[in-house]
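Q: Throughout the sequence shown, residue numbering follows the UniProt record's numbering, covering 1 to 324 in sequence.
The set of hints was computed from the structure by calculation and includes no laboratory data. Be careful, since some hints might not be right.
Claimed, not checked - Restraint-style ranges between C-beta atoms, simulated for each label pair:
no., residue 1, residue 2, range
1, LYS189, SER75, 28 to 34 angstroms
2, ILE45, ALA143, 17 to 23 angstroms
3, SER75, GLN196, 24 to 30 angstroms
4, LEU139, VAL59, 35 to 41 angstroms
5, VAL59, ALA235, 23 to 29 angstroms
6, GLU167, THR204, 22 to 28 angstroms
7, GLU167, LEU139, 42 to 48 angstroms
8, PHE94, GLY192, 50 to 56 angstroms
9, SER144, PHE94, 47 to 53 angstroms
10, ALA146, SER169, 27 to 33 angstroms
11, GLY193, SER75, 27 to 33 angstroms
Beta carbons are placed, not taken as given, at the ideal position from N, Cα and C, and that holds for glycine.
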Amino acid sequence: MYKRGHPMDRGYGTAVAAYPSKDGCISRVPYSSVMAFVMCTIGVIMFAIMMIWSFNASVEQARRALDIVDIPYLSRVHLAFIVVAVVMEVLALFLLLIGVLSTGSTREEVYKRPESRRGGRISCAIAIVVSYVLLILWLLVLASTAIISFKYFEFAKLCSSLSTYSEQSCLDFSGYKPLFEDISKSNLKLCGGNAQEFCALTNTVFSWNIVGFVGSFIICLGLVQFVSTHASNYAHVSSEQRYIELKEVLYVDGRPPQPPPPMLPPIPRAPPPADPRFQIRPDRRGVSHDSLARRQQRHQHSRSLHGSNPWLNDDFDNGFHRQY
């Protein structure tokens, strides 16, 4: 596979980029993560505000129905809704940040080295786990909101059954008396003005609970989108080097032909030394008398070395005469 610095590019005079210019700001925006963040933000605002209003109205209903003046931990419940909203918004910002770092050219710049890609995979895996845990928790909140909305729907049906709000037409909640007998001695029967106020608050709380249910449902949709987005980002970060090499190959194949590199003049080289084994032997016919006498002396010396062996001496004599 083609890589940067390949020998096929070394001969060109001007350096060519591995692939075209980086993406602009619009191309770097992680639209899927931004959409999920906006959904979570809108859902948190809807849920927190509506449920605080619904809780206050429900507390007022409980005071009138149970004849309770002071309800403990009321301010802490308000604080709990605010804390849930803030924590959820911070986690949504964290998930959005992971999405920004794992999108487009930002991913190519941040996760260049193998160590950074390993950290990117870990961050995407953490984002997936956080999204799953939040999704499970908000599904429980969604189910609780649905149950509360259904109960107020039943209360609204009871209120619609009253033709007039008088002392003779009452709402009987004595069936719930075992649940509140430790904190109230009321008979849980609402008549006249109490019934009218209870029904007015019931219709309002029911609508607020519906809005809170829709808000929690939007949050669940945003978390589902976060899960799918970070799962895709995990795959992209894991295969980032392959994507870069593929873009380089496509760019090299599609770029215009480059002129060939200039041909350099050949470098002059000295001829190699001649091998003495392949040298032409000189002609022996023009040998001088002095050189012939020296050769005869050498043969006489070799003859004396062989001693009294006539065969070797004759062989040397014959060879010498054949040569000269």
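Q: Does each hint hold? Answer for all of them.
A: Outcome of the hint check:
no.: 1; hint: LYS189 - SER75: 28 to 34 angstroms; in the structure: holds, 30 angstroms
no.: 2; hint: ILE45 - ALA143: 17 to 23 angstroms; in the structure: holds, 21 angstroms
no.: 3; hint: SER75 - GLN196: 24 to 30 angstroms; in the structure: holds, 29 angstroms
no.: 4; hint: LEU139 - VAL59: 35 to 41 angstroms; in the structure: violated, 26 angstroms
no.: 5; hint: VAL59 - ALA235: 23 to 29 angstroms; in the structure: violated, 49 angstroms
no.: 6; hint: GLU167 - THR204: 22 to 28 angstroms; in the structure: holds, 24 angstroms
no.: 7; hint: GLU167 - LEU139: 42 to 48 angstroms; in the structure: holds, 45 angstroms
no.: 8; hint: PHE94 - GLY192: 50 to 56 angstroms; in the structure: holds, 53 angstroms
no.: 9; hint: SER144 - PHE94: 47 to 53 angstroms; in the structure: violated, 25 angstroms
no.: 10; hint: ALA146 - SER169: 27 to 33 angstroms; in the structure: holds, 30 angstroms
no.: 11; hint: GLY193 - SER75: 27 to 33 angstroms; in the structure: holds, 28 angstroms
Going down the numbered hints, you'll see the structure goes against 4, 5 and 9, while the others check out.
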